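A.B. asks: All chains, full assembly: derive it from the sequences and hints.
Numbers given in the numbering used here equal positions in the sequence shown, counted from 1, plus 18.
A hint or two may mislead.
Derived pair list, reagent style DSSO-like, types lysine-lysine, alpha-carbon separation capped at 27 Å [stated by the list, open to error]:
(1) K189 to K206
(2) K139 to K189
(3) K49 to K74
(4) K434 to K74
(5) K408 to K381
(6) K49 to K206
Pairwise CB distance ranges (calculated) [as the list claims (entries may be wrong)]:
(7) Q276 to S101: 21 to 31 Å
(8) E48 to K408: 22 to 32 Å
(9) A63 to R164: 34 to 44 Å
(10) Q40 to C330: 33 to 43 Å
It should be emphasised that the hints constitute simulated quantities derived from the structure, not laboratory data.
Computed from a prediction, not measured in an experiment: that's the story for all the values here.
A virtual CB, placed ideally from N, CA and C, is assigned to each residue, including glycine.
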Amino acid sequence: MTREQTESAQRAQLLRLLAAVQGSNPFYQEKLRVGCSPGVSASLAELLQSLPFTSKLEIAEDQRCNPPFGTNLTCPPDAYVRSHQTSGTSGRPIVWLDTPVSWNWMLDRWLEVYESTGVEKGSVIYFAFSFGPFLGFWTAFEAASRHLHARCLAGGGLSSSERLRQIIDHKADTLCCTPTYALHLSEKARQEGIDLSRSQVRRIIVAGEPGGSVPTTRARIESAWPGSRVWDHHGMTEIGPVTRPCPALRDVLHVMEQGFIAEILNPNTLRPCAENELGELILTNLGRTGSPLIRYRTGDLVEMPKLARCECGTWDLALRGGIRGRTDDMVVVRGVNLYPSGVEAVIRSVPRAGEYQVELADKSDMIEVRLRVEPSIEGASAGLAEAVAKAFQDAFLLRAEVRLVPFGSLPRYEHKARRWSRTRM
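C.D. replies: What follows is the structure, encoded as structure tokens:
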């Protein structure tokens, strides 16, 4: 669809969503009660501007006051068939319910991800996750098994060694995991003498961390898994699967605009960003009517794209560099903005640097950056601390204290890696 056709379709879907929630959703009935009547002829932009934002804090507070599910439910409780929750890394987990209609809407979004990456009927997909309460693993698995009729292998409850053997034995051609875990599996394969060039894995679909859109991390994963290509995408338990990778441009994620209205706003002024400006991604999910989010402040930072047709043929918003960071992740150190994705890109650019941790030490009115870094293989530590320190200083014009730690001593993560910590001195 053209840009005009997309916005026309989004406007029609938004009006239907507003009618549904104003009729029976207590949370949005209260939020939309005042000042939300822009008129029948209002444009999509005018309609959006008449609507209030929704924050994660509001949702969490609503669920605290109305346990366990809150009031953001458009249907009677017995209409909901799925329950999931957020990771709770920023506080108490948020619980999310879905009706069959909302669930199928999310499966359709995952089919767009698979189509972009070349997954099709007959593919063998390995899901290297311990299936827990989070949304993404379940939607990815069910979309592939139910709608693509792919052969799906769940690695829940298995060790990394057992997962590697299944990947090889079952000739999996697709691996779904986090970027960190893809690297950990390759490390484990090297330790156990498993030659990954024997594997049939040709695509690695990653999420949960920015690494899939960090060129140095992506290159390291592809080097460790010969013949593979890394594909990034992202989503959230409370909003659903949001982006799919561009088949033509490696550093682009497309917002799936058949399912979402996306706005990119300055996080301080909440005004639209100019082209190439970094802003907060605001999302309205149009088909998850049973538990919707309207103008949801995701906290994700993305670059405002040029509204043009992409080389792959779509007009869907093209987010260059994927998710650049989060509004609550940025740390200012001596006037320099540090984001986890930027630090990861620098550390991964040093060939012998392996797993790492970042400690921010508050000393009076100053912040010191301390890095703990493992060598990527045993016995490869000579000169590594100096190389990482130089790369960090060259990239950010900041000095960091770099301490080498033994190979294998830092935590490995199956889900989102938690590498950053902060201490006060």
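A.B. asks: Hints numbered earlier in the text: which of these fail when held up against the supplied structure?
C.D. replies: The structure breaks hints 6, 8; every other hint is satisfied.
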